[in-house]
Amino acid sequence: YESINSEKATRFYGIVNKYIQIIEEKTKKIDVYGVLDNILLAKHFQTLMMDIGKDVQVIDQVTGQKRSACLADETHCAIIISYSGQTEEMLEVAEIYHKRQIPFISITCMAENSLSRLADAHLYLSSREMLHIKIGDFASTTSLKYLFDVLYAGIFSKNYKKNLETKIVVASYVDDRQSEDEYINEK
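When you line the sequence shown up against my numbering, it's residues 9 to 195, in that order.
It is possible that part of the hints are untrue.
Cut-off 25 Å, straight-line C-alpha distance, at most; resulting in silico cross-link-like pairs (SDA-like, lysine to any residue) [to be verified]: (1) K26 <-> R108; (2) K169 <-> D59; (3) K153 <-> E188; (4) K51 <-> L172; (5) K169 <-> Q29; (6) K36 <-> S92; (7) K26 <-> I104; (8) K175 <-> E188; (9) K36 <-> Q65; (10) K74 <-> L48; (11) K37 <-> V66; (12) K36 <-> Q69; (13) K51 <-> N171; (14) K166 <-> G61; (15) K37 <-> V158; (16) K51 <-> D183; (17) K153 <-> V64; (18) K36 <-> M58; (19) K169 <-> E188; (20) K107 <-> M58; (21) K166 <-> I176; (22) K37 <-> E188; (23) K26 <-> S92; (24) K166 <-> Q69; (25) K169 <-> K74; (26) K51 <-> E188; (27) K26 <-> D63; (28) K37 <-> R185; (29) K36 <-> V64; (30) K175 <-> G72; (31) K51 <-> I30; (32) K170 <-> M118; (33) K107 <-> A129; (34) K166 <-> I28; (35) K153 <-> K166; (36) K34 <-> L44; (37) K26 <-> M58.
Derived DEER-like restraints, expressed as beta-carbon distance ranges [unchecked claim]: (38) D63 <-> I176: 15 to 23 Å; (39) E120 <-> Y181: 22 to 30 Å; (40) M118 <-> E96: 28 to 36 Å.
To be clear, the hints were calculated from the coordinates, so they are not data collected in a lab.
Glycine included, every Cβ here is placed at the ideal spot set by N, Cα and C.
Build out the structure end to end from the sequences listed, making use of the hints.
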């Protein structure tokens, strides 16, 4: 069990590091595509990345997704999210990126699927939910949040000092929260 988990973890972080390297070395803009609740988590990732000066575009209108993919160039990379890996709109976007040889990472369930076969790298969501018969999407939402956090932390750590300085400057202008708790109040 430990050997299997260790091997899976090594593979997972290898994929994450490969994509982080693409983002750091070749990319000026990250395009994120998804539908429904995935967009909300993508917007959170966008905010985190914006705070360190990274340009993330979350394309949430299905009608604009193919158009945006057509306008992407070699300075872009993408993250395409589909739980099943078979969402028609996401496959159409992936085909555009694939044909134009613009790198993208797919985030889908653990089964091999059409989207993962097109991707340059692939990350897996927890596959503990049925598509339609479920009380909520707890596992997939939690695992997508985790994947975005891992990508963000990896990108942040590649240039830690500069990213921390940028984040502090941005926070000084946009975050005016205060607390009476001296432990968390930085002012």
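### Query
In ascending order, which of the hints set out earlier in this document are inconsistent with the structure?
Checked against the structure, the hints that fail are numbers 3, 6, 19, 20, 22, 24, 25, 26, 28, 30, 32, 36, 39, 40, while the rest are satisfied.
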